[in-house]
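Trainee: The listed protein sequences derive, respectively, from chains U and Z.
Taking UniProt numbering, the leading residue of the first sequence gets 1, the next gets one more, and so forth.
Taking UniProt numbering, the leading residue of the second sequence gets 1, the next gets one more, and so forth.
No lab work stands behind these hints, which were simulated from the structure alone.
Since the structure is predicted, the reported quantities are computational estimates derived from the model, not experimental observations.
Heads up, a few of these hints could be off.
As the list claims (entries may be wrong) - Here are some of the chain Z residues that sit facing chain U, going by a computed Cβ distance under 10 Å:
hint: 1; residue: Asp-5
hint: 2; residue: Leu-7
hint: 3; residue: Glu-190
hint: 4; residue: Val-192
hint: 5; residue: Ser-229
hint: 6; residue: Trp-253
hint: 7; residue: Val-257
hint: 8; residue: Glu-261
Stated by the list, open to error - Here are a few chain Z residues that sit away from chain U, every Cβ distance over 12 Å (derived from the structure):
hint: 9; residue: Val-144
hint: 10; residue: Glu-269
hint: 11; residue: Gly-274
Every residue, glycine too, gets a C-beta built ideally from N, C-alpha and C.
These are the residues of each chain, in order.
There are 2 protein chains.
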Amino acid sequence: MSANDSLHVAVVGNGVIGMTTAFRLAHAGHRVTLQAPSAATGPSWVAGGMFGAYTEAWPGEEPMLHLGAESLRRWLPLLEDLEGVPAQQSGILTGRGTVLAGVDAADAADVESIVATTEEHYPGVLRRVTRRELRALEPSLAPVLRGAVVCDDEWSVDNRQLLSKLGAACRELGVDRVLGSVTDVDELREGVGADVVVVAAGAGSAELIDVPVREVKGEVLRLRRRGSSESRPERTIRARVHGRPCYLVPRSWGLAVGATEYEHGHDLEATAGGTRTLLDDAAMVFPGIDDYAFAEVSAGLRPYSPDNVPLIGEVRPGVVAACGHGRNGILLAAVTADAVRGIVEGEPLPEVASADPNRFRS
Amino acid sequence: MSANDSLHVAVVGNGVIGMTTAFRLAHAGHRVTLQAPSAATGPSWVAGGMFGAYTEAWPGEEPMLHLGAESLRRWLPLLEDLEGVPAQQSGILTGRGTVLAGVDAADAADVESIVATTEEHYPGVLRRVTRRELRALEPSLAPVLRGAVVCDDEWSVDNRQLLSKLGAACRELGVDRVLGSVTDVDELREGVGADVVVVAAGAGSAELIDVPVREVKGEVLRLRRRGSSESRPERTIRARVHGRPCYLVPRSWGLAVGATEYEHGHDLEATAGGTRTLLDDAAMVFPGIDDYAFAEVSAGLRPYSPDNVPLIGEVRPGVVAACGHGRNGILLAAVTADAVRGIVEGEPLPEVASADPNRFRS
């Protein structure tokens, strides 16, 4: 594979990884066939929608921190390629900046772990704020929050807008969209006559190319601001509430609130208990949310790898994995799409070396 | 109006009051025109669905207690007329019996007020149970409940099944259904050539016939049992949780959980806060609910009169009010339908004297 040839690539999966990869390849002049079930209702559709690289850092998960930072850097130019306008005018970005804070002392200690990890590798990207400063920045937040830090370099996105615009751009670029599911990668390649197959089928990739990706259920709420409601926070709020992660992500119409996490296998039903936990935790962080309209609760199955780092790379000649992104599919789609393009064109990205899909093979 | 003539009655409203009245009149041989908006999405559709006369008793609200008991008595024969089978086989009834209990000491005192009021007028209909007895009757309930009493003479109903079967029966009986809303009662009467107009338009009745009926918002959840879920209680559970009423009403597929109550005017949006309160309170009463699927939250506008007693009777010759049933529309539909039939046929029911619609006129 070389940079100057136009190749035919079959992409399996219409989540954010498959769609962004299809767009990136088609935009670079390759012929793309996108094969997926009819509607995108998976975790990319359910997601809260955060380009949150730094406020997810965790000791021992440095590869994810670096992948996230690399992807965040690549998202703004990608959005410009997608929309033809500066990213900030795209309508896909719904807010800039993140507040990270805790509720109890253990939550504040967790926040400190994140800060220490990020500071070590990306000094200055997070700044501590006093309660008084936080109140000035985000007056609607509850005074119970402690240990707050702010990151100005992260963004929130409307994931459904993003998917819809990726779909429209792919159509415009002549991406050939085939409905239906795939059971055999080689059959698909022969069937459509593709040079390369990219498997971006989330947890469904496990069966297709024998990679260790499992489903981790998560629920997300969508709450719509009413005329009578308090204004939502301007930034994404990532709170730890008695050990549980709770994030409030800005939308033009209100807030997405996530996310629960269960190892339940293939379970797509939002439960009363998950909904209850998210509502209780969100109201502790932003009490004004109680007046918001309850628009939706949905559940998605995040595709996790054993070490939480995705699988991006060739698993055998002509078959590329792009899966296992866990809860970070939206954030990591940009670097994944660029990395897949690099593989297809014979110029692999060194930045994704930690995501070698063959690292689990003995 | 006399018992032997077949009259033409126009009924305004397709909630449970309008539909039951239309059915009752058509079943008695009258010609009925039912005029209402296209779909029944009002409080009868949202409702939890309880024939709960005795466990709603409250000191000073004895007229409601008597109306409820009278209506409960009339429901079983009405269901038999509707379905042609014994009421217990109708599929509309979803459970028999009610457990009434509280969480804190003030809640238990409220339960005692209900018991005292009911006992005074209907001795023996409620029986106190110990915690041990309650555990044997309903093992899924939380041990936190106190002061429990059981009523074996109340029923729960699937209100949507009821509305659907009333609709089917009306069609079969030749009820003429006219879509669209009504703005003038006399125009309607002239337009369709009716002898009598029955206004069963809930809070919409206020404008039509100048009666003091206002909207009180309430939210109800529908939670579906999953394969992994604990079995629901067999009886309707009416709990008071730190002063808030919380009821769990059996369905073949799970539970309806209600209900919040706000004086917000015309507001049909279910809120995050209402949903949160219902989920928290229900989980305190029946912890197993957390694994149930979150199927729906909806809001309805209960039509309340100033003294909570409905308005049933002639407001002027040929115009009959059947509205203002507040949170008890499902329960009171049977006695209301029979009372309207009595008025139409010149034999008013003395049992509904307390519901005289002219009692608020000075």
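Trainee: Can you give the numbers of the hints that this structure goes against, from lowest to highest?
Mentor: Of the numbered hints given earlier, those the structure breaks are 1, 2, 3, 4, 6, 8, 10, 11, listed in rising order.
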